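Peer 1: Each chain is listed here by its residues.
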Amino acid sequence: MVEVLINGRTVSVAEGTTILKAAEQAGIDIPHFCYHPAFPPDGSCRMCLVEIEGQPKLELSCSTVVRPGLKVLTASPPVLAARRDILEMFLAEHPLDCPICDKAGECLLQDYYQAHSFLRGRFWEAREKREKLLPLGRRLLLDRERCVLCTRCVRFLQLYTGTGELGVFERAVRTEIGTFEDRPVDNDYSGNLVDLCPVGAITDADFRFRTRAWFLDRKPSLCPKCGRGCNISVDVVCGYPLPPRERRLYRIRPRENPDVNGYWVCDIGRYAYAADLRDNRRIQAAFVRNGEETPVPVDEALARVAAALKAAVRGGRAERLAVVLNSSLTNEELSQARELFVSRLGVKNVSFADPLPGQADGRLLTAERCGNARGVADSGFPAADLNPKTWAEGSDAALIFGSHLLDAQRREEIIAGLAKVPFKALFAAHPTPLDGAVDVIVPVSLAAEKGGHLTNVDGRVQAFEPVWPAAGDGLAESVILGRLREELG
Amino acid sequence: MTDRVLSDAYPEGGLWRLDAYLKSGGYEGARKALTGMKPEEVVDEVKKANLRGRGGAGFPAGVKWSFVPRTADKPVYIALNADEGEPGTAKDRAILAHNPHAVLEGLLITAFAVGAHDAYIYVRGEYEALARRLEEAIGEAAAKGFLGARVFGRDFRLDVTVHRGAGSYICGEETALLESLEGRRGEPRLKPPFPAAVGLFQAPTVINNVETLACVPLIIRNGADWFVKLGLPKDGGARVFTVSGAVVRPGLYEIAHGTTLRQLIFEHAGGLRPGRTLKAVIPGGMSAALLRADEVDLPLDFDSLARSGSMIGSAGVIVIDDTANLLVVLNVIARFYAHESCGQCTPCRLGTAWIRKVAGRLVEGRGGPGDLDEIARVAGGIKGRTQCPMGDGAALPIIALVGKFRAELEAALHG
Chain G
146 MVEVLINGRT
156 VSVAEGTTIL
166 KAAEQAGIDI
176 PHFCYHPAFP
186 PDGSCRMCLV
196 EIEGQPKLEL
206 SCSTVVRPGL
216 KVLTASPPVL
226 AARRDILEMF
236 LAEHPLDCPI
246 CDKAGECLLQ
256 DYYQAHSFLR
266 GRFWEAREKR
276 EKLLPLGRRL
286 LLDRERCVLC
296 TRCVRFLQLY
306 TGTGELGVFE
316 RAVRTEIGTF
326 EDRPVDNDYS
336 GNLVDLCPVG
346 AITDADFRFR
356 TRAWFLDRKP
366 SLCPKCGRGC
376 NISVDVVCGY
386 PLPPRERRLY
396 RIRPRENPDV
406 NGYWVCDIGR
416 YAYAADLRDN
426 RRIQAAFVRN
436 GEETPVPVDE
446 ALARVAAALK
456 AAVRGGRAER
466 LAVVLNSSLT
476 NEELSQAREL
486 FVSRLGVKNV
496 SFADPLPGQA
506 DGRLLTAERC
516 GNARGVADSG
526 FPAADLNPKT
536 WAEGSDAALI
546 FGSHLLDAQR
556 REEIIAGLAK
566 VPFKALFAAH
576 PTPLDGAVDV
586 IVPVSLAAEK
596 GGHLTNVDGR
606 VQAFEPVWPA
616 AGDGLAESVI
626 LGRLREELG
Chain C
5 MTDRVLSDAY
15 PEGGLWRLDA
25 YLKSGGYEGA
35 RKALTGMKPE
45 EVVDEVKKAN
55 LRGRGGAGFP
65 AGVKWSFVPR
75 TADKPVYIAL
85 NADEGEPGTA
95 KDRAILAHNP
105 HAVLEGLLIT
115 AFAVGAHDAY
125 IYVRGEYEAL
135 ARRLEEAIGE
145 AAAKGFLGAR
155 VFGRDFRLDV
165 TVHRGAGSYI
175 CGEETALLES
185 LEGRRGEPRL
195 KPPFPAAVGL
205 FQAPTVINNV
215 ETLACVPLII
225 RNGADWFVKL
235 GLPKDGGARV
245 FTVSGAVVRP
255 GLYEIAHGTT
265 LRQLIFEHAG
275 GLRPGRTLKA
285 VIPGGMSAAL
295 LRADEVDLPL
305 DFDSLARSGS
315 MIGSAGVIVI
325 DDTANLLVVL
335 NVIARFYAHE
345 SCGQCTPCRL
355 GTAWIRKVAG
365 RLVEGRGGPG
375 DLDEIARVAG
385 GIKGRTQCPM
395 GDGAALPIIA
405 LVGKFRAELE
415 AALHG
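From first to last, the protein sequence lines are chains G and C. So for the first sequence, this note's numbering puts the first residue at 146; every next one is plus one. So for the second sequence, this note's numbering puts the first residue at 5; every next one is plus one.
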């Protein structure tokens, strides 16, 4: 450990710590644009200059490593003067279009200006004209007038994804970020560039002009799209400025967790999961007859499922029920399901239907594309074989959670198999191609709409809370399983 | 003149051919070092000679070499900085044109001293003919066994590669030069680590200026004491000054350290044209703070100039007489740095642009004395806060100009 004096306070930090990190550990914020904890110091923004006793010049706190007895001042008059000068230079060539900038409210330039200067403008010259709307690839748009050239985006693509789609071009005041010969940014982590950008230079077509940052409620949750269990923030607005009782999801962003996802989340978690939550949800329960759906209250639908289960129990045929679960269920739901179907009813035919595995990408995305595969493996569930022709044969009733039967089997085969079963219930968050082939459909929650625990690919059990209740009449599987258990007594 | 050590070697017709250079005692220094000295002895001799970096920073070359780790598991490289771009400076051009072998011999001795086997000569893009001449000289030296697999028949290899820049001032900054050599955008690196520890291709690297290395053979041949006596105790040898501007005989003058600026201008360069009076001097390339006419009695050496608040820098002396409009001078300086800033760090990228915009307005007659304060204030915001020394280079002449020549500038505003 090394002891240093920061603003007169003794701070003890590990050897090799930079002044900026040491200050951070002591709760002292040193403003910075180019520094990001995921990358080696860059030193280009010069915002983090601090005074070190005995040094003639201000030093970079992002790259200067602590030495015993170092005396650092992070808010002395020379430091504040330097910060104000740098901010003034940034603002001189900045468009100041905060009123229409998506970053407003969570912009470092805005925050630092407020904290450090509030100076009147002294730059009366003509600002450089630059590209305001340059598509970079995927959903990314670049506004070069807002860019402060911190190069976090360039370095992320070099150091994290290794794809290097962005570079620095031109020089002096004409320096700009761009792609090489119009080859776009195209990798599965592109959305992180928007979060990394300290200002509103890189914006997301998905979020652009949709709302203001200060209306957002940033709710912690977990991404269920693969086995990583990335910690995410689901940014939502409930009520004002939306009409009363209206709610909307605006974006998904990573939450920092060095043990799981670092600072990042992949585009599947960010965009595909947001679309899962937002788009085309099943919001009402329904009875289905001859392929026609009739909306019913969800309690009525559940009562009918319970009745079918009871009938099977009465007929002594409960163990021949067919139950299809999925690996997105929480650990709690898995044990509820096990207690109900295996222990209580003695069902032999419990199987799991999940999205087909993909390629692990060596970064965050795992091969399994569901949120709790490890939890299922650890639960010791006796999973039955899912032969498309025989899985439901001889059953009085089939309970199907999720629609991923379709991932491994042809729809026609599944429907042919289902046709032999007298009663079929489907629990799904979205309309599915199986909807017409079942008798009852119950809407369910997605991960952001429930709480519990998921076990990630490394065996780490992570707890999460619901962001908000499910869409429409949707219920968490835990609620559904609890109700069925109650009904059976 | 006894102090002409590099330029004495430029007889009629030049010395760029190897046989001419050999006749003048060429490669004797290298032979002495490689066949009779230990690498540490060479480093010590150069340290004793107080050979300070001729690129502008004035860091003692021997000390720089001694920073190279001797036990590294990585190769040691040499990067010879021939990216002479400081406005008002053309000394390396003359040395490369007339005496390329002196540079190569210096390179060879340096390589031996630091244990390097690969050297890169980074030649300014505009010096195309000089790059070709260097290639030729390398070919000649290799044919004689002064370069290549077995130098002087000893178990010592040195391969030299000439690399041409692409026309950027910043690539003369040593770490930007390394970036450019590695094929990347020429931007200065964050220091530390310094190149002697982590330089080219992440390996220890010695970077020296052309003129610096051209002095090395003379030091080895004639001894450190001879070199120190030529100049000053803390600043050995002579210096090739490029004198340009309002003098009768602009050109290159090799004079010993310690000669005064007044002597250089009025004796060597023939003084000003008839009827003109001296107004200002830029003593060390455009990045140096301007001196007033009454400040020219300074001895020309690193420390004296530094004490005056300016610098000897690359020894490019630009003489400005009373016919010059200092607003134009201001604008020229502002334009240069605003054009050449690499754009990496904020104060230099945006500060130089700000100054250039105001200076451009002033020179067009749209502005007032308040703008001069503004320029000086912005320059003050660049000084000492940038990634590399270019920030100071951009700020110091502006601050000096506005500070020392305020009356003249204001008069020009009204004129």
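Worth flagging that the hints you see were computed from the coordinates, not collected in a lab. Incorrect hints may have been included.
[To be verified] With a cut-off of at most 27 angstroms between alpha-carbon atoms, the simulated BS3-like pairs for lysine-lysine come out as follows:
no. : chain 1 : residue 1 : chain 2 : residue 2
1   : C       : Lys387    : C       : Lys408
2   : G       : Lys202    : C       : Lys195
3   : G       : Lys277    : G       : Lys216
4   : G       : Lys202    : G       : Lys277
5   : G       : Lys202    : C       : Lys238
6   : C       : Lys195    : C       : Lys36
7   : G       : Lys166    : C       : Lys195
8   : C       : Lys51     : C       : Lys78
9   : C       : Lys233    : C       : Lys51
10  : C       : Lys36     : C       : Lys51
11  : C       : Lys387    : G       : Lys166
12  : C       : Lys283    : C       : Lys52
13  : G       : Lys202    : C       : Lys78
14  : C       : Lys36     : C       : Lys52
15  : C       : Lys195    : C       : Lys27
16  : C       : Lys408    : G       : Lys202
17  : C       : Lys195    : C       : Lys42
18  : C       : Lys51     : C       : Lys283
19  : C       : Lys78     : C       : Lys27
20  : C       : Lys233    : C       : Lys27
21  : C       : Lys387    : G       : Lys216
22  : G       : Lys455    : G       : Lys565
23  : G       : Lys216    : C       : Lys195
24  : C       : Lys78     : C       : Lys195
Remember, predicted model here, so these are calculated numbers, not experimental data.
Peer 1: Between Lys78 of chain C and Lys27 of chain C, is the straight-line Cα distance small enough, at 27 angstroms or below?
Peer 2: violated, 38 angstroms
Peer 1: For the pair supplied as a hint, Lys202 of chain G and Lys238 of chain C, confirm whether the alpha-carbon distance does not exceed 27 angstroms.
Peer 2: holds, 25 angstroms
Peer 1: Starting from Lys195 of chain C, check that the Cα of Lys36 of chain C is at most 27 angstroms away, please.
Peer 2: Not OK: Lys195 of chain C and Lys36 of chain C at ~36 angstroms, beyond 27 angstroms, violated.
Peer 1: Within 27 angstroms, alpha carbon to alpha carbon, are Lys283 of chain C and Lys52 of chain C?
Peer 2: violated, 39 angstroms
Peer 1: Tell me if the straight-line CA distance from Lys36 of chain C to Lys51 of chain C falls inside 27 angstroms.
Peer 2: holds, 17 angstroms
Peer 1: For the pair we were handed, Lys51 of chain C and Lys78 of chain C, check the Cα-Cα distance against 27 angstroms.
Peer 2: holds, 24 angstroms
Peer 1: Within a Cα-Cα threshold of 27 angstroms, do Lys51 of chain C and Lys283 of chain C meet the stated pairing?
Peer 2: violated, 38 angstroms
Peer 1: Is Lys408 of chain C within 27 angstroms of Lys202 of chain G, Cα to Cα?
Peer 2: holds, 24 angstroms
Peer 1: Does Lys195 of chain C sit within 27 angstroms of Lys216 of chain G, going by the straight-line distance between their CA atoms?
Peer 2: Roughly 20 angstroms separates the two Cα atoms, so the pair holds.
Peer 1: Lys78 of chain C and Lys195 of chain C: Cα distance at most 27 angstroms?
Peer 2: holds, 20 angstroms
Peer 1: Hey, Lys195 of chain C versus Lys27 of chain C, does the alpha-carbon distance stay inside 27 angstroms?
Peer 2: Measuring from Cα to Cα gives roughly 44 angstroms; hence the hint is violated.
Peer 1: Does the structure keep Lys233 of chain C and Lys27 of chain C at a Cα separation of 27 angstroms or less?
Peer 2: Satisfied, since the Cα-Cα distance of roughly 25 angstroms is no more than 27 angstroms.
The structure shown violates the earlier hints numbered 3, 4, 6, 12, 13, 15, 17, 18, 19.
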